[in-house]
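Use the sequences and the hints to build the structure in full.
These protein sequence lines map, in sequence, to chains A and B.
Residues in the first sequence are numbered consecutively from 95, following our numbering.
Residues in the second sequence are numbered consecutively from 3, following our numbering.
If you are wondering where the hints come from, they were derived from the structure by calculation, not from laboratory data.
A portion of the hints provided could be inaccurate.
As the list claims (entries may be wrong) - Examples of chain A residues lying across from chain B (beta carbon under 7 Å, computed): (1) T274; (2) A292; (3) A295; (4) K326; (5) A335.
Claimed, not checked - DSS-like, lysine-lysine: derived pairs with alpha carbons at most 30 Å apart: (6) A:K416 / B:K128; (7) B:K128 / B:K106; (8) A:K416 / B:K132; (9) B:K132 / B:K106; (10) A:K416 / B:K93; (11) B:K94 / A:K416; (12) A:K416 / B:K159; (13) B:K201 / B:K159; (14) B:K159 / B:K242; (15) B:K106 / A:K416; (16) B:K128 / B:K93; (17) B:K159 / B:K218; (18) B:K128 / B:K94; (19) B:K132 / B:K93; (20) B:K132 / B:K94; (21) B:K128 / B:K159; (22) B:K218 / B:K132; (23) B:K94 / B:K159.
A virtual CB, placed ideally from N, CA and C, is assigned to each residue, including glycine.
Residues per chain are reported as follows:
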Amino acid sequence: MAIDTGILTNVALFASFSIVYAVLAIGFNLQWGYTGLFNAGIAGFFLIGAYTAAIITTPPDPPTVLGGVVIVPGHWGGLSWPFVVGASFAMIFSGLAAALIAIPTLRLRADYLAIATLAFAEIIRRVTINFDTFTGGTNGITRIPRLITYEPPDPFAGGMVLLGVGALVLLAVFLLLHFTLESPWGRVLRAIREDEVATMALGKNTLLSKIQAFALGGAIMGLAGALFIETKSYLDPQDFAPALATFPIWVMVIVGGAANNRGVIIGAFLIYGMEYVSVLLKDYVASNAIYYVRLMIIGALLIILIIYRPQGLLPERRRVLK
Amino acid sequence: MAILEVQAVEKSFGGIRAVDRCSLSVEPQSITGLIGPNGAGKSTLFNLIAGLYRPDGGEIWFADRRIDGLPPYAIVQLGLTKTWQIPHELKKLTVLENLVLAAKGHHGDHFVNLFLHPFLVREDEKRLRKQAQSILALTQLEALAHDEAASLSGGQKKLLELARALMTDPAIVLLDEPVAGVNPTLASGLMDLIEQLRKQGRTFFLIEHDMNVVMKRCDTVIVMHQGRKIAEGPPETVRKDPVVIDSYLGG
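Spelled out as structure tokens, the structure:
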């Protein structure tokens with residue numbers, strides 16, 4: 095029996111994108127849903143992870159020079175190292191960046207933290223666009239190696255490998271966070287979210303816990319970045335605009351249920367699923383209005399949810415300690 | 003030898019001197035009351051002692067260690083815990099979670115221990131849940147152990163404040179109006195518990211406006227006015243002090 099591999103490949107790619115955003119959303123949920131730290135610079139940590147992984151895993155890409163003029167800038171790195179190495183460094187660099195941002199800003203009140211992280215992400219994106227000898231600038235980074243190279247290229251097999259690896263990464267992150275958040279350490283984070291001063295006055299080093307939570311969240315966002323490049327044929331700095339990689343993540347967490355990672359995964363598939371549906375429908379509608387209709391639906395959904403179900407689809411559960 | 007010693011401590015907010023070169027000391031195993039009119043600087047002094055504010059001048063000594071300038075968590079770990087006038091319950095955590103969270107020296111509070119010492123973490127959690135249950139029994143909150151702290155009544159939140167403070171195993175507890183807004187039966191039960199705990203070796207330093215409680219339960223009363231100590235002594239002496247009557251008690 096013949097299977098329509100075209101549709102399955104498409105679905106696998108859609109699911110892989112959703113997984114990337116689910117990992118991002120889980121990272122943000124750790125920071126905001128559990129610890130109460132509102133990160134408005136998700137895209138920045140995502141970008142650092144994606145570019146770190148790309149620079150480590152791609153083959154060398156020297157600048158193309160024509161008549162003494164640089165036509166295509168190429169990019170640094172080009173180490174051709176395996177994905178696992180790229181993903182590890184992506185986590186380390188994004189985690190370190192988050193810790194460095196956290197140390198000065200986590201002493202500030204929540205709204206200042208949001209402003210500082212928003213600015214950070216925008217600076218990182220501008221630097222990426224303009225520092226083109228390092229990052230390829232607006233040309234992005236091409237020739238990203240696939241997890242497994244098929245010769246001749248086999249989109250169906252490639253899609254399945256991507257989906258399988260993505261699912262494993264998501265599961266691993268989910269289990270790691272379940273273990274750490276349902277522990278006494280996670281309880282301290284939830285206490286900080288409820289009332290930081292009271293938590294401090296009960297003998298907890300809240301600044302240290304906040305830095306740890308923020309850095310771990312950043313590292314998870316970096317991992318999402320490493321996974322992201324595997325879903326792309328080339329890396330484009332515009333993918334890290336706040337409207338694409340920060341704001342939708344907030345919506346996923348709010349819709350799914352803050353401080354509930356299962357809900358957040360559902361939220362990610364739901365919100366990204368709308369994008370997928372709008373792409374499918376685009377072929378049947380004579381204009382690209384569908385894209386804006388999608389944004390309107392998401393906006394309306396968000397407002398309805400905040401009024402009638404502010405805790406999200408799956409609310410945070412009460413912990414009964416035996 | 004005093005367990006707590008405040009020496010010429012100052013704190014200003016803008017142009018207002020909330021605490022003005024205030025000096026006082028608290029004897030170990032005592033119940034010491036701190037009274038004074040609203041705005042006298044009592045709560046500010048408590049926040050200074052607990053490390054929540056940094057003094058502009060002066061020194062604070064606790065059990066022969068200088069504690070001013072230490073972060074609040076370090077002061078709690080040394081054995082000095084403060085409760086809040088307006089309860090600061092951790093709303094979405096259960097009552098039992100509020101207590102276990104407050105426990106002193108839980109290995110699981112530290113991220114790396116989750117991976118390096120998983121057995122120690124589990125042992126601590128088991129032991130501290132048991133301890134929390136017994137403190138809940140002592141404060142008559144055991145039936146509410148698994149309720150969200152947000153759902154407690156005002157009086158129950160006051161009990162939770164004390165129960166949680168006890169989980170930090172303090173040598174001295176600073177109670178900011180422990181029985182304000184609590185019905186008389188519950189209030190007297192709470193004060194009985196405090197006396198019982200004092201006999202077991204703990205020290206209590208409390209702000210209270212209910213003169214019946216202060217006169218009946220405190221060994222020593224310190225009176226603050228305009229950021230300074232204006233009187234100190236046994237309740238019956240302080241009650242007759244003309245300066246205190248003039249500034250606080252009234253005729």
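Going through the hints against the structure:
1. For T274 of chain A, the shortest C-beta to C-beta distance to chain B is roughly 6 Å, which falls under 7 Å, so the interface hint holds.
2. At a threshold of 7 Å, the smallest CB-CB gap from A292 of chain A to chain B is about 4 Å, leaving the interface hint in force.
3. For A295 of chain A, the interface hint holds, the least distance from its beta-carbon to any beta-carbon of chain B being 5 Å, beneath 7 Å.
4. This hint is violated: K326 of chain A has a C-beta 33 Å from the nearest C-beta of chain B, more than the 7 Å allowed.
5. This hint is violated: A335 of chain A has a C-beta 33 Å from the nearest C-beta of chain B, more than the 7 Å allowed.
6. Distance restraint check for K416 of chain A and K128 of chain B: the Cα-Cα separation of roughly 9 Å lies within the 30 Å cut-off, and the hinted pair is therefore satisfied.
7. Distance hint between K128 of chain B and K106 of chain B is fulfilled; the C-alpha atoms sit about 14 Å from each other, no more than 30 Å.
8. In summary, the hint linking K416 of chain A to K132 of chain B is supported, as the alpha carbons are separated by about 10 Å, within the 30 Å threshold.
9. A C-alpha spacing of about 14 Å is found between K132 of chain B and K106 of chain B, which places the hinted pair at or below 30 Å, so the restraint holds.
10. Proximity of K416 of chain A to K93 of chain B is assessed by CA-CA distance (about 20 Å); at most 30 Å being required, the pair is judged to hold.
11. For the hint linking K94 of chain B to K416 of chain A, the alpha-carbon distance of about 18 Å falls within 30 Å, and the restraint holds.
12. For the given pair, K416 of chain A sits about 22 Å from K159 of chain B by alpha-carbon distance, which is consistent with the 30 Å threshold.
13. Restraint check for K201 of chain B and K159 of chain B: satisfied, since their Cα atoms lie roughly 24 Å apart, inside the 30 Å limit.
14. Among the hinted pairs, K159 of chain B with K242 of chain B is inconsistent with the structure: their alpha-carbon atoms are about 35 Å apart, more than 30 Å.
15. Using a Cα cut-off of 30 Å, the hinted pair K106 of chain B and K416 of chain A holds, with the two alpha carbons roughly 20 Å apart.
16. For the hint pairing K128 of chain B with K93 of chain B, the CA-to-CA distance comes to about 23 Å; that is within 30 Å, so the pair holds.
17. Between the alpha carbons of K159 of chain B and K218 of chain B the distance comes to roughly 24 Å, so the proposed pair stays at or under 30 Å and holds.
18. Annotation: proposed proximity of K128 of chain B to K94 of chain B holds, straight-line Cα distance about 22 Å (limit 30 Å).
19. Proposed proximity of K132 of chain B and K93 of chain B is supported: the alpha carbons are some 22 Å apart, at most 30 Å.
20. With a C-alpha separation of about 21 Å, the suggested pair K132 of chain B and K94 of chain B falls inside the 30 Å cut-off, and the hint holds.
21. A hinted pair counts as satisfied when its Cα atoms are at most 30 Å apart, and K128 of chain B with K159 of chain B qualifies at roughly 25 Å.
22. Taking the CA atoms of K218 of chain B and K132 of chain B, the gap is about 34 Å. The hint is violated against a cut of 30 Å.
23. Restraint check for K94 of chain B and K159 of chain B: satisfied, since their Cα atoms lie roughly 13 Å apart, inside the 30 Å limit.
The structure is inconsistent with the numbered hints 4, 5, 14, 22, although it conforms to all the rest.
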